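Asks: Chain by chain, the residues:
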Amino acid sequence: MSETVTVPEAPTAGKADVILDVDHLQVHFKLRGAGLSRILGREGGIVKAVDDVTIALKRGEVFGLVGESGSGKTTLGRAVLGLVPITGGLIRHQSLDGGAPVDIASLKGKKLRKHRQKLQMVFQDPHAALNPAMTIETQVGHPLVIHGRAKGAELKAKVKSALEHVGLAPAEQFMSKYPSDLSGGQKQRAVIARAIILEPEVLVADEPVSMLDMSVRAKILQLMLDLKQYLQLTYIYITHDLATAKFFCDRVAIMYLGKIVEVGPTAEIFAEPRHPYTQALLKAIPDVDPSKMVPRDLPRGEIPDAARPPRGCSFHPRCPLARAECGWEPRDLKAMVDEHWTRVSVEQFEKEQALVGNLKELNTDKLKVKLEPAHGGSVDELWTMFENIRTENPEEPLWRGVTRMEKVKDGVVIEFAKPAEIALHPVGNADVSCVLY
Amino acid sequence: MSSPINPAFETDVNAADQDLPVVNAEDIRIWYGTPKGPVRAVDGVSFSIRRGEILGLVGESGSGKSTIGRGLLGLLPPGSVIDGELSFKGQDLLALSPKERFKYRGRNLAMIFQEPLTRLNPLMRVSEHFAETLRTHFPKISDEEIETRSLNVLKVIGIPPSRWLAYPHEFSGGMRQRIMIALALVLQPAFVVADEPTTALDVLVEAQIIKILHDLRENFDTALLLITHNLGIIAEACDRVAVMYAGKIVEIGDAVEVFSNPQHPYTQELLRSTITLRTDGLHSIPGAPPDLIDPPSGCHFYPRCPKPMEYCPLAEPDMLNVHGGASRPGSTDAACWHLQLNDVPADKRGPLERDEIAAFEEA
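Chains A and B, in that order, give the protein sequences.
Reminder that position 292 of the first sequence reads as 292 in our numbering, one-by-one numbering, no gaps.
Reminder that position 31 of the second sequence reads as 1031 in our numbering, one-by-one numbering, no gaps.
Incorrect hints may have been included.
Claimed, not checked - List time: in silico DSS-like cross-link candidates among lysine-lysine, alpha-carbon distance up to 25 Å:
| id | chain 1 | residue 1 | chain 2 | residue 2 |
| --- | --- | --- | --- | --- |
| 1 | A | Lys160 | A | Lys228 |
| 2 | B | Lys1036 | A | Lys177 |
| 3 | B | Lys1155 | A | Lys334 |
| 4 | A | Lys156 | A | Lys228 |
| 5 | B | Lys1155 | A | Lys360 |
| 6 | A | Lys366 | A | Lys409 |
| 7 | A | Lys160 | A | Lys118 |
| 8 | B | Lys1211 | A | Lys283 |
The hints are simulated quantities; they were obtained by calculation from the structure and are not laboratory data.
Remember, it's a predicted structure, so these values are computed and weren't measured experimentally.
Based on the provided sequences and hints, a complete structural model is requested.
Replies: Written out as structure tokens, the structure is:
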């Protein structure tokens, strides 16, 4: 489908048909520390919402950004529109009008707003994206007024045409209505009309159907496909729903904690997911076919704190296939002890907690830690406790990363393997960031 | 209600009651008053749930599924009326005074809400949440008893006991939902309503929570009403499923049976329009759900049905077994004239001429 939309005079692949070139993009947010650390001048830490992401968006394609909440997919989408401050990298936009490429990351103020006419956004929640005090006519036409592109009869005609394009026809029926008079699907159509009225080249659609009912989702996706064809649009489709991404996108990027872990043609990613995270996501989707059950050996835990991402591969603490070099560190040991305590009796937990204390020494960036028995416990008891945890579940991936566990005079020393460098590299037709390949 | 505090207190069930439904709803109607007239949010719904059974209630927004959940617990907002028969282990709940009903909530009937962050008090530790819940229902309970009972439930749900004194903000979204579930289960209710328990969660965490709900029967022997709009979750977690449309259950039966062999046209269309990994074409149901102040006559679905008959707008079909006759356990019931053709006059079986659905009526 996308082939027909590609610009005819650029049949050869390469830079010519790239409309948006995102190059080593970084969006880092500085955290404000707690009161005391601010007085003492300590830094509050940095959240790397988007961390070194490179994407070349081809003209006329639907590019999917898929990930869990907190993966940075929405921030990346907003960065493309210049809606969040960019801390590093470039976003080159090669406009259809043939001018020189524009770096959105370096645009500011008026220039940015002017350029943004070519890049528009469809928001997730149509109930919140429309102004309840404006008629549909006013808010769909608002972008034209803001940019001074039309007024009077011309404005009205353009609004009417946009509404008809999105299936709100006859437009007269809707123009004088308020958002509260419309159903969820109709509201989302109005949001899309407002986004296309400036005749943009790129549309960033952030979860455009996730707030809608099942029976309406298909209608809105179909509308977006029709509009793409008709208006020669390029889409960035942001979603956590792999099923719609599979149907809707030409290429997908799977994001985890600010990084792309796998990117490639949709057909390839879904037929042969390579990154363990992609594999897990695909297995976890509850299917309407009751004979297909979600397996029980899915990754544990949740997406980690972005202010302090795990060492090495961010996914390693949850990864069932993790190896020694994936970035194991003392914090993972704390999580494992916690997990062990959900399986033992309350009495055993209390005894063991008295023995190990609050495990504060595991909150370190070092690869080697020494645990000392607390509350008068003996080194032998501590050693036995860890030995038991290890025998209890020797398959636990963490033990692959432990190079040394040794009893010394005043405690137990545990040392972790050095993490390997990981980066996206080609595997088949996709790019994957994992030590397995 | 003066049962001792021990894990086996389980209200007044005896062995003979084992096969009786925990909850039995007959012809439940819940209407909301509005300036334009009453909204028939739930209009004549019947179902029952047994011990350790999970019934899924699925429908689009506005179908009345959440209203049923709240109605069962007596948590309806002011301006609503509930009528019908609603029994919990033989006790008619609708005949009770609000005070008596309050006593049933928590210990017998519990609810797991959608947004765990808004339901936990940010200024209270996990331990205080549990202490408050347990003390409300067992004023004389000791601190040790609170801790032991709570930690045992938290363990099953997957929260390490080392987090006992943590505050809600120290937990991730999935962990908070686990705490919510544990707070409902610590009182060992016989019946739990879970209203969209995974909506705000990511797919991997959602799978973890579904697993916990699915294991409830093994761990707690609880009857569960799982309300969701996600058909996949129903297929994953439920024993039986009830499909709601415009305030009515249109099809109810064994989950495997309903999903592999849907009988009502609405169920069929809903399954077709669901986008899954196997979707290779888009399908949607034309039109929008009806206004429940003035619902269509006859079968509420006929304006959107792919195969309406002349008779469909004239009379409302009953919920009957799809193989004919009254409801039978283990077999699907549905309300559609196509499944009850013998009751349709022969001259009214032709296809219904309908006005085309105008765009402004589309959802």
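Asks: Can you list which hints this structure breaks, lowest number first?
Replies: none
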